[in-house]
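Peer 1: Sequence:
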Amino acid sequence: MTTYSKRQRGFTIVELLIVIVVIGILAAITIVAFNGVQNRGKTASAQSLANSIDKKLEAWNATTGSYPPYCDFATNSIAATGTASGIGAAGCTASATAGPVEAKLDNVSSIIINTSSLSSTNATTAVRYEPCSTGATRGGTIHYYDSVTGAITTTTANANGNKSNGVGTC
Numbered sequence: 001m002t003t004y005s006k007r008q009r010g011f012t013i014v015e016l017l018i019v020i021v022v023i024g025i026l027a028a029i030t031i032v033a034f035n036g037v038q039n040r041g042k043t044a045s046a047q048s049l050a051n052s053i054d055k056k057l058e059a060w061n062a063t064t065g066s067y068p069p070y071c072d073f074a075t076n077s078i079a080a081t082g083t084a085s086g087i088g089a090a091g092c093t094a095s096a097t098a099g100p101v102e103a104k105l106d107n108v109s110s111i112i113i114n115t116s117s118l119s120s121t122n123a124t125t126a127v128r129y130e131p132c133s134t135g136a137t138r139g140g141t142i143h144y145y146d147s148v149t150g151a152i153t154t155t156t157a158n159a160n161g162n163k164s165n166g167v168g169t170c
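Anchor point for the sequence shown: position 119 equals 119 in this note's numbering, and the numbering is continuous, going up by one each time.
In short, the hints are calculated from the structure, not lab data. Do not take every clue at face value.
[To be verified] Calculated lysine-lysine pairs in the DSSO-like style (CA-CA distance at most 30 Å, straight line):
1. 42 / 104
2. 55 / 104
3. 42 / 55
[Said to hold, decoys possible] Using C-beta positions, here's what the derived DEER-type ranges look like:
4. 81 / 39: 37 to 43 Å
5. 41 / 18: 33 to 39 Å
6. 22 / 148: 26 to 32 Å
7. 36 / 15: 29 to 35 Å
8. 11 / 86: 57 to 63 Å
9. 106 / 36: 49 to 55 Å
10. 33 / 151: 20 to 26 Å
11. 52 / 19: 47 to 53 Å
As the structure is a computational prediction, the values presented were derived from the model and not from experiment. For glycine and all other residues, C-beta sits at the position ideal for the given N, C-alpha and C.
All chains should be built: construct the whole structure from the sequences, respecting the hints.
Peer 2: Have a look at this one:
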């Protein structure tokens with residue numbers, strides 16, 4: 001009887017290394033693309049909150065004739081007391097007189113008072129509202145962190161109806 005010897009052949013180490021390198025490259029591209037999507041999402045969320053705050057400030061101004069101090073805005077009440085600090089309505093006490101319904105903020109827990117800064121720990125989840133120091137009738141400045149560019153973007157609204165994007169002050 002004749003026996004045929006079959007030569008079994010597998011993948012060489014070079015072929016396996018090439019496959020592993022290709023998979024690694026594809027994984028790296030996917031991770032980078034995913035991080036870009038996350039950063040754009042964070043920026044869109046912060047920008048949406050900043051736009052919402054701006055619209056609520058304008059609604060407050062249209063209803064009452066002036067822009068609110070921070071505690072009034074955070075508690076949605078007229079003549080709120082206390083000194084705001086940190087995030088949200090911390091340090092503010094609402095008064096018995098309610099503010100305008102259309103200017104009520106849905107979520108104040110993402111708004112930082114002007115004495116706090118946007119830092120790496122809160123920049124991606126919070127927006128800073130800074131009322132003008134010269135009086136509530138002047139408006140305020142809204143800052144949010146742009147995760148795509150890594151910079152803080154500022155919008156200014158004032159009693160003259162002037163709005164500016166980019167670096168601005170009251």
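Peer 1: Hint by hint, say whether it matches the structure.
Peer 2: The hints, checked one at a time:
1. 42 / 104: 23 Å, holds
2. 55 / 104: Holds, at about 10 Å.
3. 42 / 55: Answer holds: residue 42 to residue 55 is near 20 Å, not above 30 Å.
4. 81 / 39: 37 to 43 Å: 39 Å, holds
5. 41 / 18: 33 to 39 Å: 35 Å, holds
6. 22 / 148: 26 to 32 Å: 29 Å, holds
7. 36 / 15: 29 to 35 Å: Between residue 36 and residue 15, where Cβ atoms are some 33 Å apart, the hint holds.
8. 11 / 86: 57 to 63 Å: 60 Å, holds
9. 106 / 36: 49 to 55 Å: 29 Å, violated
10. 33 / 151: 20 to 26 Å: 22 Å, holds
11. 52 / 19: 47 to 53 Å: At roughly 49 Å between Cβ atoms, residue 19 and residue 52 fall inside 47 to 53 Å, so the hint holds.
Violated hint for the displayed structure: number 9, the only one.
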